[in-house]
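The whole structure should be built from the sequences, with the hints applied where relevant.
Residue numbers (numbering that gives the first Met the number 0), protein chains in the order written: chain E, 0 to 437; chain U, 0 to 172.
Bear in mind the hints are in silico, worked out from the structure with no lab data behind them.
A quick note: this is a predicted structure, and the numbers were derived from the prediction, not measured.
Simulated restraints on C-beta separations:
#1 U/167 <-> E/67: 26 to 34 angstroms
#2 E/80 <-> U/38: 29 to 37 angstroms
#3 E/80 <-> U/167: 47 to 55 angstroms
#4 U/133 <-> E/18: 16 to 24 angstroms
Keeping only pairs whose Cα atoms sit at most 25 angstroms apart, straight-line, the calculated SDA-like set for lysine to any residue is:
#5 U/104 <-> E/11
#6 E/257 <-> U/39
#7 U/104 <-> E/2
#8 E/276 <-> E/107
#9 E/257 <-> E/247
#10 E/257 <-> U/38
#11 U/167 <-> U/153
#12 E/257 <-> U/44
Just so it is clear, CB atoms sit at the ideal spot from N, CA and C, and this is done for glycine as well.
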Amino acid sequence: MESVLGRYRNLIILVGVLFLQVLGLATQVREDKRGGSDAQSTRLIRVWVVGAITPFERGLVWIQDGTGNIWHNYFYLRGVRAENRQLKEQIEQMRLEQVRLSEDAAQARRLQTLLAFKEQFISKTVAAQVIGSSGSDLSRTIYIDKGENAGIKRDMAVMTADGIVGKVLVVYPSVSQVLLINDQSSGVGAILEKTRLQGVLRGSANGEVILERVMSDEQVPVGETVLTSGGDQIFPKGLPVGTVDKVGNGKDLFLTIKVRPAANLSKLEEVLVLVEKQERQQTAEDSTRMRAADILAQRLPSVPEKPAADANAVGVTVPGTKPASATTEAKPAGTAASLNAKISSGASVAQKAPLAGQPAKATGVASSGQKSPSTNAAAPGAAKPVPSQTKTDNAPKKPAKPASTPPTTPSAAQTSPTAVPQSSPPNSQRPANESSPQ
Amino acid sequence: MPITYTSNEQVEVYRFSIPVTIGVPLLALFVQAFVPLRFPRFAVYLDLPLLVTIFFSMARRNPVAGLFTGAVIGLAQDMLGHNPIGIYGIAKTVVGYGASSLGVKLDVENAGARFLVTLGFYLVHSAVYFFVARELVNMTQTWSWLHGMLAGLANAALGVILYFLLDKFKQRT
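Printed below as a string of structure tokens:
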């Protein structure tokens, strides 16, 4: 027996060491299947190795950045003046674009208010530097120089200005490990921007990003933008993921779409960690004072307004309503009426009120304010000042007579969510449906 | 105090100082983790910890020392990633044992032999990793001979250069 042990000593030790490692592996896999995290059970030894390697990486990145900064900030300044001029022009263009986009965003928020839409906001991010990687193409992770001390926690979203990068996998005191979206164990809820098809974004063994579980009943064009759907509860909805690179048939009735990530995952330097996001529902006070219907009415083609004289002739005053400044209310009411007349009730709505035989002092739109729930719904907004443009347009037309003020009863206000969607664009309800988790 | 290992009297056995024994594998791990940030293809084709494992194992010519060298370096490499710990550990344990056993029987001092040995052990390492990851951990793995050969050749070429550099740290027993 001893001779056998002596003869095969090396082999026995090899088998023993391999057996121990397989045992350890099996334990980890079992814990994973039970829902446990290997990060918890193997945390200590990982901490040792990461603690031994990352300080050097951090130091090297620091030296590299310092050297690069000295070179770029002091020595290599050729063409900076021209670039500066170009950037200033770009800023001007972007400002114009921003004005347009903020208008659209404000409008969207107002509509969301009326739809009781809950939205996730990115409220706080932490910038971090990428200091290392796993060093293996079979584990696509990176290390960033911010950890628990900077408020980072597991499962926080990581992104760049270009698009999403991954999520925080393991958090150490001053370092965190981030799982990239092209790792085969990652999964992100995604949606195609135009076709609105949803799927699950996964990494492949060779580092590609694949959008799976997309129904094959629609055509997906190459180049279409892919966004986060928010269904994974990690990434807020609407963040750029990438663009469709190739479309192929997957299993069953699903498409398999190869996605080119928006963020350059192979050359990451700085990233943002989303440390705080809020889910909040817009309230009436959050949105601007203008009614959503008014905004839409301004943008949509409306029924031509009647001359002031005609308006006075057909206008009505709702009994029991408080007199209000005509200059503040006339135009919004008019626009809302024209919108309602066009979309909901037709132009005849504006003309039904006079037939009711009620005293007419304000414009014909006041009648629609009474008849149409949408106008009543917007009562709180209507009572507030509106943009100056609407005031000046109507001030000469209308004398300072009491205008119709929509009722302020709760019942009237409660009709708002049902009233406005009628006048919303057809796709305005889509976000509400998509907000639900997958 | 230098670490020494048992020797076969017919072949030359080397030892290494403690700083080299600890520092070189750590440096290899560090470079392996850092360089891909600037050169993403580095991690796809090159495996510095594997080259270090092969070098130390062949130089020590002791299978037990070789397998432990491979196990330690492999496990450390596992810890930098997020996959279960032990996949690289098992693969490099096998490579360490094999390289030491081969070092006892063959002269692996010349560049040609080193090139072939490194190429061969790269493929062994990939095969063991593939098997363990796929069969034991149930990871999705795809085997590509083309990639394996290209990466093997790249590692072998780098290995020959690296081994000559590391030869400077060898100490005769």
